[in-house]
Every structure is written in C-alpha cells, then in structure tokens.
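Residue numbers (numbering that gives the first Met the number 0), protein chains in the order written: chain A, 0 to 524; chain B, 0 to 107.
Incorrect hints may have been included.
[What the hints assert, rightly or not] Using C-beta positions, here's what the derived DEER-type ranges look like: (1) A:G225 / B:T19: 29 to 39 Å; (2) B:G43 / A:A329: 52 to 62 Å; (3) B:R25 / A:T469: 43 to 53 Å; (4) B:A14 / A:T469: 49 to 59 Å; (5) A:E72 / B:A14: 18 to 28 Å; (6) A:M257 / B:G24: 42 to 52 Å; (7) A:Q228 / B:R25: 38 to 48 Å.
[As the list claims (entries may be wrong)] Cut-off 30 Å, straight-line C-alpha distance, at most; resulting in silico cross-link-like pairs (BS3-like, lysine-lysine): (8) A:K380 / A:K368; (9) A:K235 / B:K53; (10) B:K15 / A:K149.
Honestly, the hints are just simulated from the structure, not real lab data.
In this text, a Cβ means the ideal position worked out from N, Cα and C, and glycines have one as well.
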Amino acid sequence: MNKVELAVIGAGPAGLAAAIEAAQLGVKVVVFDENAQPGGQLFKQIHKFFGSREHKAGTRGFRIGQELLAQTEQLGVKVNLGSTVFGLDKRNLWVLKDGRTEVFQTDAVIVATGASENALAFKGSTLPGVMTAGAAQTFINLHRVLPGKKVLMVGSGNVGLIVSYQLMQAGAEVVGLVEAAPQIGGYGVHAAKIKRAGVPLFLGHTITEAIGEHQVESAVLTKLNGRFQPIPGSEKTLEADTICIAVGLTPMMELARMAGAEFKYAPQMGGHVPIINDNMETSIAGMFVAGDVCGVEEASSAMEEGRLAGVTAAEYLEYVDGIAAADRKALIREQLSAIRNGTFGKAHPRDEVKEENIYGLKSSGTPSKDELDSCPGVPSKERLAKGPVAVIECVQEIPCNPCEQACPRGAIKVGKPITSLPQLTENVCNGCASCVTACPGLAIVTVDRTYDENKALVTFPYEYLPLPETGAIVDAVNRQGEKICSGQVVKVRNNKKADGTVAISLAVPEEYAMEVRSMAKGGTK
Amino acid sequence: MNILDHPILGKVEAAKRKVTLFVNGRSIEAYEGQPIAAALMAVGIKSFRQTARKQQDRGIFCGIGRCTDCMMTVNGEPNVRTCVTPVAEGMIVETQIGLGSWREIPHE
Chain A
0 MNKVELAVIG AGPAGLAAAI EAAQLGVKVV VFDENAQPGG QLFKQIHKFF
50 GSREHKAGTR GFRIGQELLA QTEQLGVKVN LGSTVFGLDK RNLWVLKDGR
100 TEVFQTDAVI VATGASENAL AFKGSTLPGV MTAGAAQTFI NLHRVLPGKK
150 VLMVGSGNVG LIVSYQLMQA GAEVVGLVEA APQIGGYGVH AAKIKRAGVP
200 LFLGHTITEA IGEHQVESAV LTKLNGRFQP IPGSEKTLEA DTICIAVGLT
250 PMMELARMAG AEFKYAPQMG GHVPIINDNM ETSIAGMFVA GDVCGVEEAS
300 SAMEEGRLAG VTAAEYLEYV DGIAAADRKA LIREQLSAIR NGTFGKAHPR
350 DEVKEENIYG LKSSGTPSKD ELDSCPGVPS KERLAKGPVA VIECVQEIPC
400 NPCEQACPRG AIKVGKPITS LPQLTENVCN GCASCVTACP GLAIVTVDRT
450 YDENKALVTF PYEYLPLPET GAIVDAVNRQ GEKICSGQVV KVRNNKKADG
500 TVAISLAVPE EYAMEVRSMA KGGTK
Chain B
0 MNILDHPILG KVEAAKRKVT LFVNGRSIEA YEGQPIAAAL MAVGIKSFRQ
50 TARKQQDRGI FCGIGRCTDC MMTVNGEPNV RTCVTPVAEG MIVETQIGLG
100 SWREIPHE
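Turn these sequences into a full structure, and let the hints steer you where they fit.
Quick look at the structure:
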C-alpha cells in the first residue's frame, strides 16, 4: 500500500495551484494526472488573461502554466503523469498506470478533474471535420496542426470566441460564428476582435446540418424564432471543411460522486456539482474540490479555488493553525470575488435575456455610438484635436486592469472593483501607446488627429502573421472588419514585453480617424 | 497542414526530428512527439475509422483522449486513441472498422 499525505487529482490550473499552496505550508503533496503532460488546458491558452496583477492578468495562459510547473518543481511536489485515477473513496485512490493498477492511501484529497466539452447533435454531426472547439485549439496551439482551412464556429461563449480568434492566428479562415441566443455569450472584447477580422456573426441561428460524403464540405444554418425553434425556409449553406462546437462544458465530477460526496444540480454551473462550503470542502471530511469540477468558470478562478482548497487541506492536516489559515483564505476569497464581480461570474448567474437589454457590443460585436460616447476611456473631441491620445473602447464590465499599470503617466484608472470601466485622464495621456499592447482584450488604440494636414495616425494592436512592412499600403478596416480606406504603415512596434502583440501605426485620411481600428489580415481584403 | 510559423508561438524548431509512419500503406512524415492524429491531420487525412454496421466515417472529436472517436489500429493493436498516442518511427496505422480485431502485424 502506497501512502500519500495529500493527493491532488488533476494537474490543471486548479490542481497545480492547490498543490503549490499546500506544499508551501509544508504538506507532502502528490499530484495525479492521466495525461502525458501536466498543465491541463493551460498550455493551449495562448491569449492574455484578464484579471488583476495578482491574477497574472495580461500574461498568456501558457506562460502561467510554465510558472506553475516551475513552482511545483521547486517545492518538490511529485506529479505522477500517465496516471488515471479511476476509483476514489474516503481514503483510497485506485490508479491505472502503464496497464497496472496501484492503490494509494491518502490522508486528504483534492479533486480537481476539470470539465469536458459538450456535444451537439444535428444531422451529419458525426462526420469527420466536426469537432469540439477545444479539440481544434489543442491541435493548433499544442500540436501545431491546422484542422481545416474554412472553419464554422458554433457557440459564442468565451471558448467559441477565443478559439475562433486563435484559428485565424493559426492561419485558418473563420467563415462564421453561430449563436442560438439573440446576443453574444462571451466577453464583448473577444467578439470585437473577430468582428474586426470580418467574421460574420449569425446570432439567433443554429446549425441544422453538416453536409459531406466522407468529411465536412458545408454546413446549413437555420434562423431560430423566439422560442428557439428553426424557421423553415430560412436555411443558408456555408462552405466549410471544419465545424467547431463550443456549446459549454460539463464538470467531470465522477470521482467525487463515486466517493460519496453530496451533490446538487446547478445548470448555471454546468450540471451536477458537489456541494461545498466556502473552504472548497465537500460533505466528506478531508475531501476538497477546486476548479471546473465544482462549477464551470475559467482558469483564473480555478487557480484561486485551488489555492483555497490547498490552504484548507493544509489546515485539515494541521500544518497551519486556524488563525493563519483564516487570514490566507480571506485574502484568496477577496481575489476570487474580484474575478467573479463581472458580467459572467458565479455571483451573477446569467439573467433571462430581455430584448431591450440587447444592444451594441452584445448584439453585434461592435460597441454602439452610445456605448462609445458614454465610455470613460474615450477622450473628448477637444482632446482628440490636440494630438495623440489613447482611445479605450472598453464598454463592458470585465474583471481586468492591466491598462492601469501599463500607463507610465498614471493616466488610466480602473480602481476597485476591478470590473470598473477604465477612466482616461485625457490631459495626462500623451498617446504613448504603452496601453495598446497591454490590454488583453485588444480594446485600446491611440489616435493622433494632428499627424499630418489631412492624415491621422491610428495605432492599433495586431496579432497575426505576416506583419506588414513599414511604408506598405494596406486596407484599413473599421470595427466591423470592413475595408473603409487605404492606409500607409508608418511604424511596426514589436516590443518583447508585449509578448507577440504588435503595435501598428497606420496613416489614414483624417475623416476616418475614429473609424479605422485595424487592418486587413495580410494587408488586403 | 503544419503551422510552421505563428504570431504568438513562433516558428516550429527547425531541428525538430521527423519520423516516418505508414497509414494504410502510405508513408507520411511527422514530427517526433506529435500525436498520431495530428500527423494524419497535417497531411489532410480526416477519416480515422468506420462504424461497425453502417461503415460511416468518424474522425477527431474531443482531441484529448476522452471520446474515443479517433481510435485506429496501431501496430496491429485496435482501439488506440490516436489523439493521445505519440507517433514512432515505422509505426503502422490502419483505419479501424467497428471494434477492430487483433492480428499479426504484416511484415514487409
């Protein structure tokens, strides 16, 4: 019989954070993961995370993964890979490795098994070429292989939006994004990125058929009525060789269930989840959970939940006294609630969609004129007329503040809560563009209306290949991704600190200064 | 198609070793460490197996070893999850029909 003091099941963001936290307090931790590589889904996340500095905001997911791994190594945490935990009771784990079963006896266990992607049934949905968005993301970002050239994305939650963007970064064309609801499910800034790239959004639509003999060749979309029923005659066919499904995740809670933890059904959390207290403790003494297994969220909150479970487990194992543990837990809870304070946190289960509440960014992927006019990050006409200045088109409450720290002059203030919209002190800002590449949502540009007699200079973030040459004439596009004029590339700033986000300065006719927000991928449409 | 250059992840290491595997008799090259499924996807092979009764094509679905839709016969062993099994030099990969069958690997 193998003895383990604290077993952590799952080496994703929650499990690794839990292991690190507990090991720092002196607990001897062993992590189990069925995969050949640790990190869970973190190494596929090549976008910059939201959050605050404490949440590693502005850092790309895979770099956070590298940091977590370095920490586990430093702390001497043992990570057993290729080890599938297939049985769990109050004190024992049954592990399958290399075709052999081993039993581990443990004093405490943290279940951090994550979630799996939901499938969607429609005619032809079993054809090769139909895959989950996560599968496509795994292939492009980990294995470096493109699953197809023309991709249709089904689902506009953050997964659908982010993977659409990453497919384009990898070199695919996204022929459309389909969403059954009348509004975008995920963050508006993610939608704005793919909108600027010209991806058509089909809100209030669903996929009704994938067509192809041996693999996907096209997809049929159908409009939905107010009761989510397909409207006959509204079908349209799109050419696509790949269809990605991003319709939510379900907690992988089988082990916690098997061990006998009490459960509840919580559809807004993804399904059946273990009942826990605010210490991440299940109904079984010494059994804790963290991450998507106890309610689907995202990596930042999974890491905080992991830390919370790690401290609680250390307290349970008497490595830390109640007072010290309470202080640490209070700090973690504060960070967790900061993340959840936004539009999508657990604290705000999504309300019924009311038609009058669907407008602007949520309904189109483009902020409306009203949204921009009332946005505290957008400078006044008078200030714009004076010279270069930042235009922060951040109109949706997101738990995120890297722009605040990026500004060397202190001209941007988010403050608390971190979901507040960034405020620009327009007379302090000198339009240096430090914030342009720091914003994880790519929602900031700088505009210089005094650049030339009849030309304005727009500097925007850009994360595609190939990069344009200085002096090149390219198609300048607006927020909808439409070509509105030509522009000349004046500067291409590829700062190492910006980690792949390039600032491109484009000289465009003055009258388009407040319309041009990017350039056509590859230069021309 | 392999993604040789990427705006965030950079270029694939030029020194990365390649291996050769045989897919239904056709030889293809793959990067060492790549899963079988990725190697197949890189050369445009999408159908990995056929269903038992209707011989319908199936391919990649979840990509992380959970759904078993990508199973193929590898070196004579059926039901290998190609999305989580790395390639190896000289590997023999075959389309699987139904649950497949165990048999001797044909020697050249």
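Tell me if the straight-line CA distance from A:K235 to B:K53 falls inside 30 Å.
Holds, at about 29 Å.
Does the Cβ-Cβ separation between B:A14 and A:T469 fall within 49 to 59 Å?
Violated, since B:A14 and A:T469 (Cβ atoms, about 31 Å apart) do not stay within the stated range.
For the pair we were handed, B:K15 and A:K149, check the Cα-Cα distance against 30 Å.
holds, 28 Å
Beta-carbon spacing of B:R25 to A:T469 - inside the hinted bounds 43 to 53 Å or not:
holds, 45 Å
Falls inside 29 to 39 Å, the C-beta gap from A:G225 to B:T19?
violated, 56 Å
Tell me if the beta carbons of A:E72 and B:A14 are separated by a distance inside 18 to 28 Å.
Given about 25 Å between the Cβ atoms, the range holds.
Is 38 to 48 Å respected by the C-beta to C-beta distance linking A:Q228 and B:R25?
holds, 46 Å
Verify the proposed pairing of A:K380 with A:K368, using a straight-line Cα cut of 30 Å.
Holds, because 14 Å separates the two Cα atoms, which is no more than 30 Å.
Do the Cβ positions of A:M257 and B:G24 conform to the proposed distance bound of 42 to 52 Å?
holds, 44 Å
Does the Cβ pair B:G43, A:A329 satisfy 52 to 62 Å?
Once the Cβ atoms are compared, 55 Å apart, the range 52 to 62 Å for A:A329 and B:G43 holds.
Hint compliance for this structure: hints 1, 4 are broken, all remaining hints hold.
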